[in-house]
Amino acid sequence: MNLTLGRILQYVLLLIATLFFLLPVYLVVVTALKEPSAITLQSTWQLPQRWYWESFAQAWNAFLPKLQNSFFLTVIATLLSALLGSINGYVLSKWKFPGANVIFPLMLFGMFIPYQAVLIPLFQFVREIGLGGSLWGLILVHVVYGLPITTLIFRNYYAEIPDELIEASRIDGAGFFGIYGKVVFPLSLPGFVVVIIWQFTQIWNEFLFAVTLVSSPANQPITVALAQLAGGEAVKWNLPMAGALLAALPTLLVYIFLGRYFIRGLLAGSVKG
Amino acid sequence: MRWLKNKDSLYSVLVLLPSVILIAVFVYGFIGQTVYTSLTDWGKDPSQALSANPQIRFIGLENYRELFTGLVDSRFRQDLVNTIFFTLFFILGCLALGLGLAMILDRGPAGEGFFRTVFLFPMSLSFIVTGTIWRWMLQPAGGVNQLPTVVGLPKGGFAWLTSREQVWQFSWNDLPLYTALVVSAVLMWIGLTAFRGGQRRRGWIAAGSAGLLLLWVLVIGDRLQLLPYDEPHGFNLAFIGIILAAVWQMSGYTMALYLAGLRGIPEELREAARVDGATEWQLYRHIIFPMLAPITLSAMIILGHISLKIFDLIFAMAGADNAPTDVPALLMYLTTFRANQIAKGAAIGTILLILVALVIVPYLYSQLRSEVRR
Chain A
13 MNLTLGRILQ
23 YVLLLIATLF
33 FLLPVYLVVV
43 TALKEPSAIT
53 LQSTWQLPQR
63 WYWESFAQAW
73 NAFLPKLQNS
83 FFLTVIATLL
93 SALLGSINGY
103 VLSKWKFPGA
113 NVIFPLMLFG
123 MFIPYQAVLI
133 PLFQFVREIG
143 LGGSLWGLIL
153 VHVVYGLPIT
163 TLIFRNYYAE
173 IPDELIEASR
183 IDGAGFFGIY
193 GKVVFPLSLP
203 GFVVVIIWQF
213 TQIWNEFLFA
223 VTLVSSPANQ
233 PITVALAQLA
243 GGEAVKWNLP
253 MAGALLAALP
263 TLLVYIFLGR
273 YFIRGLLAGS
283 VKG
Chain B
150 MRWLKNKDSL
160 YSVLVLLPSV
170 ILIAVFVYGF
180 IGQTVYTSLT
190 DWGKDPSQAL
200 SANPQIRFIG
210 LENYRELFTG
220 LVDSRFRQDL
230 VNTIFFTLFF
240 ILGCLALGLG
250 LAMILDRGPA
260 GEGFFRTVFL
270 FPMSLSFIVT
280 GTIWRWMLQP
290 AGGVNQLPTV
300 VGLPKGGFAW
310 LTSREQVWQF
320 SWNDLPLYTA
330 LVVSAVLMWI
340 GLTAFRGGQR
350 RRGWIAAGSA
360 GLLLLWVLVI
370 GDRLQLLPYD
380 EPHGFNLAFI
390 GIILAAVWQM
400 SGYTMALYLA
410 GLRGIPEELR
420 EAARVDGATE
430 WQLYRHIIFP
440 MLAPITLSAM
450 IILGHISLKI
460 FDLIFAMAGA
470 DNAPTDVPAL
480 LMYLTTFRAN
490 QIAKGAAIGT
500 ILLILVALVI
510 VPYLYSQLRS
520 EVRR
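These protein sequences, in sequence, are chains A and B. Sequential numbering from 13 applies to the first sequence in the numbering used here. Sequential numbering from 150 applies to the second sequence in the numbering used here.
Keep in mind that the hints were calculated from the coordinates and are not lab data. You may find that some hints are simply not true.
With a straight-line Cα cutoff of 25 Å, these simulated DSS-like cross-link-like pairs (lysine-lysine) come out [stated by the list, open to error]:
| no. | chain 1 | residue 1 | chain 2 | residue 2 |
| --- | --- | --- | --- | --- |
| 1 | A | K106 | B | K156 |
| 2 | A | K194 | A | K106 |
| 3 | B | K304 | A | K194 |
| 4 | B | K304 | A | K248 |
| 5 | A | K108 | B | K156 |
| 6 | A | K248 | A | K108 |
From chain A, some residues computed to sit far from chain B (all C-beta separations above 12 Å) [claimed, not checked]:
| no. | residue |
| --- | --- |
| 7 | L27 |
| 8 | V103 |
| 9 | V205 |
| 10 | W216 |
Just so we're clear, the structure is a prediction, and the values are computed from it rather than from any experiment. Heads up, the beta-carbon is just placed ideally off N, CA and C, and yes, glycines get one too.
Build the full structure now, drawing on both the sequences and the hints.
Printed below as a string of structure tokens:
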């Protein structure tokens, strides 16, 4: 009896928690599917009288260029920072040189700094090298500030490749690049999955760099466009809600289908190797 | 070590070098430049702010003095108070909800995988998306306030995000006093544990410093005036909604951490405690919670540094110009890129960096030291 009471309580609490986490989703979907004229504050929670799919078409048209910007930027920056992180992690786990124990924490700190503390020189630097306002400037910035986390994840991942394996290939005559190309890189797939998912999510979702470094609307990523739309007063809420769904979809899909790796990246972010 | 005896070692250094240089410039070089900028008057004269070759003078700590005690910068001081309260409640909320959810899931309810997915999915969203959604949820006349009407109750009337009400007010002039009291309390606690652990020298040093600080409070601190008048600051109720949204987004993270921790506790340990007659509560209180303490500390630090930096969530939820929900991270952006007060923006950025470093540096140090020991 006692046990069943505990069980019931457990499920009631789970239900309440689930409501808390899913109510916003319900509201987004319902609002996005209402006619603009049917959206009133009093009827927020009601289902639409008539399902209205136009908002998605509108949001799609309005956001398509921004989504393309985001994809372009995210894919290139993610791949570059993953490659750099992989080679860094290889060096830092298999070729420890004197001073590596000093360099690594100094690199890691770059992951935690508030970017407000580098934003002004960064803004000037990007402008001075002629990348001001362009997506390439943003890519450069994401690659650089992604280095700490990608290096950390690969370093911890490669630490699990036995040193004997490295030693054996060395005896077989493989050098620094040979070992990386023939031994380490082929074993890296799960590491790359974690890093790519993590970086993809982070860069896709990023806002501060995007809003300060990219001034022209043509180059805006989706987060900036969405923030501007939602900030406007005259806009009806169906559009921001449909836009929020579009902006959320890529990372949400990644999470749903590759959640295991997503969580691994998440836990790696709290440093423990 | 056969370090540098062959060209492979040279390659390894050459390969790492670009990244090291990039980090050195983009992190440390730029931090240095920001700190220097914060010591100048760049932007004070609007005509100089955006010119190609601005005339910049070194003015020392003037910007910092103004931020903490100047008449025009009271918004910054309220922002500091905001960020502290926000961090406190955000961390508490995430820890409590995360732990609760993890404890329930640890008992293996049906559909555990589904619930885990639901609790964690907000983590994959952008703060901008979360902010946009919750901005709509928290419309004063709609959303959450309308929720009670669904079950026939009268609607709520809380002014989410726009409330101007403030609780727990204190005068800014008393801040050094409170700081000194808190620091001396911490020092006394350190001293006490040192005495208990038999480290007499350490104990005396800590207790002595605490005593000196208390003496300072009694003799000088009381008469110290940062401002010529009382300037009240407190917790803005407008933040409640933002805290709610932030907890919604991040509590899944603490749940994942705690769940991993709970799963790591061997079943035999629980069995043994139950055999010894421990109640469920005693089991948690004396065995499980202490074992989760390191996870709590990690989570507090990660969440703390996120909340000190938080910018996009507030930007999307309450807008950049809503003073009651402003934080230093947002004010830095406004000061620098809207008001063109570049040096003052740099000073705010530097203060943020110091706040975050106070949290992160000891953490990185201890983490990496324990790694070396392993």
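*With a cut-off of 25 Å on the C-alpha distance, tell me whether K194 (chain A) and K106 (chain A) pass.*
holds (14 Å)
*Least C-beta distance from W216 (chain A) to chain B larger than 12 Å*: violated (7 Å)
_Pairwise hint evaluation, K156 (chain B) against K108 (chain A), where the allowed Cα distance is 25 Å at most_ = Answer holds: K108 (chain A) to K156 (chain B) is near 14 Å, not above 25 Å.
*With d taken as the least Cβ-Cβ distance between L27 (chain A) and chain B, does d exceed 12 Å?*
Given a closest Cβ separation of 10 Å, the condition is violated.
_Check whether the Cα positions of K106 (chain A) and K156 (chain B) lie no farther apart than 25 Å._
Holds: K106 (chain A) and K156 (chain B) sit about 15 Å apart, inside 25 Å.
_Given as non-interface: V103 (chain A), which should sit over 12 Å from chain B by C-beta_ = Violated, since 5 Å does not exceed 12 Å.
*When you check the alpha-carbon spacing of K248 (chain A) and K108 (chain A), does it fall within 25 Å?*
Given that 25 Å is the threshold and the Cα spacing comes to 58 Å, the pair is violated.
*Separation of V205 (chain A) from chain B, once the least beta-carbon distance is taken, above 12 Å*: At roughly 15 Å from the nearest Cβ of chain B, V205 (chain A) sits farther out than 12 Å, so the non-interface label holds.
*Restraint check for K304 (chain B) with K248 (chain A), where alpha carbons must lie at most 25 Å apart*: Measuring from Cα to Cα gives roughly 23 Å; hence the hint holds.
*CA of K304 (chain B) to CA of K194 (chain A), is that 25 Å or under?*
Not satisfied, since the Cα-Cα distance of roughly 66 Å exceeds 25 Å.
Against the hints set out earlier in the document, violations occur for numbers 3, 6, 7, 8, 10.
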